[in-house]
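S.K.: Residues in the sequence shown are numbered consecutively from 3, following the working numbering.
If you're looking for bench data, these hints aren't it; they were derived computationally from the structure. It is possible that part of the hints are untrue.
As the list claims (entries may be wrong) - Straight-line distance between alpha carbons at most 30 angstroms, and here's what the computed DSSO-like set of lysine-lysine pairs gives:
1) K147 <-> K125
2) K72 <-> K125
3) K91 <-> K48
4) K123 <-> K72
5) K123 <-> K8
6) K56 <-> K105
7) K125 <-> K8
8) K72 <-> K8
9) K56 <-> K91
10) K56 <-> K72
11) K105 <-> K125
12) K104 <-> K56
13) K48 <-> K8
14) K105 <-> K147
15) K126 <-> K72
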Amino acid sequence: MIDMLKGYPVITEIPVAWGEMDALNHVNNVVYFRYMETARIDYFNKVQLMEDMKLTGVGPVLGETTCRYKLPVTFPDTLYVGSRVSEIKDDRFTMTYEIYSKKLNAITTVGSAKVVMFNFKNKKPDNLSQHLRDTIINIEGDALKVVERV
């Protein structure tokens with residue numbers, strides 16, 4: 003498992019619940035977005051994004067999310083969701099995910115999310131704080147694409 007999720011600084015373990023399966027006897031497609039949400043919050047905790055939001059009043063909103071299903075997952079299983087930031091801009095960043103099934107010993111799902119930083123007081127997009135930006139860059143290292151404003 004560790005080798006398949008190499009390069010992901012945050013790995014979230016999620017047990018598959020019986021109730022997440024649908025009438026076709028596999029995990030319902032919408033549940034994967036919940037799995038990625040759980041992993042995203044774990045990543046936010048690692049970079050202390052919510053603490054940063056308390057100081058700056060600027061926090062994350064989801065702008066877009068995608069999911070590609072490669073293999074169906076069934077109960078019982080344990081999933082490991084790797085999450086990372088693959089691209090960072092002044093006011094947003096892109097996260098990527100891979101979901102590994104312990105039972106199948108394979109990556110079953112890949113996804114992404116575009117997260118926009120939003121100033122909740124004046125209701126407008128805003129920049130990442132320098133502290134948050136530096137923390138993400140430090141965690142991701144050379145794998146991160148940093149897009150500078152021209």
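S.K.: Each hint needs a verdict: does it hold in this structure or not?
M.R.: Hints and how they fare:
The straight-line distance between the Cα atoms of K147 and K125 is roughly 27 angstroms, inside the 30 angstroms bound, and the hint therefore holds. This hinted pair does not check out: K72 and K125 have alpha carbons roughly 38 angstroms apart, beyond 30 angstroms. For the given pair, K91 sits about 19 angstroms from K48 by alpha-carbon distance, which is consistent with the 30 angstroms threshold. In summary, the hint linking K123 to K72 is not supported, as the alpha carbons are separated by about 41 angstroms, beyond the 30 angstroms threshold.
A hinted pair counts as satisfied when its Cα atoms are at most 30 angstroms apart, and K123 with K8 does not qualify at roughly 39 angstroms. Between K56 and K105, the direct Cα distance comes to roughly 40 angstroms. Violation of the 30 angstroms bound is thereby established for this hinted pair. With a C-alpha separation of about 38 angstroms, the suggested pairing of K125 with K8 is violated against the 30 angstroms cut-off. For the proposed pair K72 and K8, the alpha carbon gap of about 19 angstroms is at most 30 angstroms, so the pair holds.
For a cut-off of 30 angstroms, the pair hint linking K56 to K91 stands: about 21 angstroms separates their Cα positions. For the proposed pair K56 and K72, the alpha carbon gap of about 38 angstroms is over 30 angstroms, so the pair is violated. For the suggested pair K105 and K125, the alpha carbons sit about 45 angstroms apart, so the restraint of at most 30 angstroms is broken. Restraint check: the Cα-Cα separation between K104 and K56 comes to about 37 angstroms, which exceeds 30 angstroms; the hinted pair is violated.
With a C-alpha separation of about 17 angstroms, the suggested pair K48 and K8 falls inside the 30 angstroms cut-off, and the hint holds. This hinted pair does not check out: K105 and K147 have alpha carbons roughly 33 angstroms apart, beyond 30 angstroms. The hinted pair formed by K126 and K72 fails the criterion: a straight-line CA distance of about 37 angstroms is larger than 30 angstroms.
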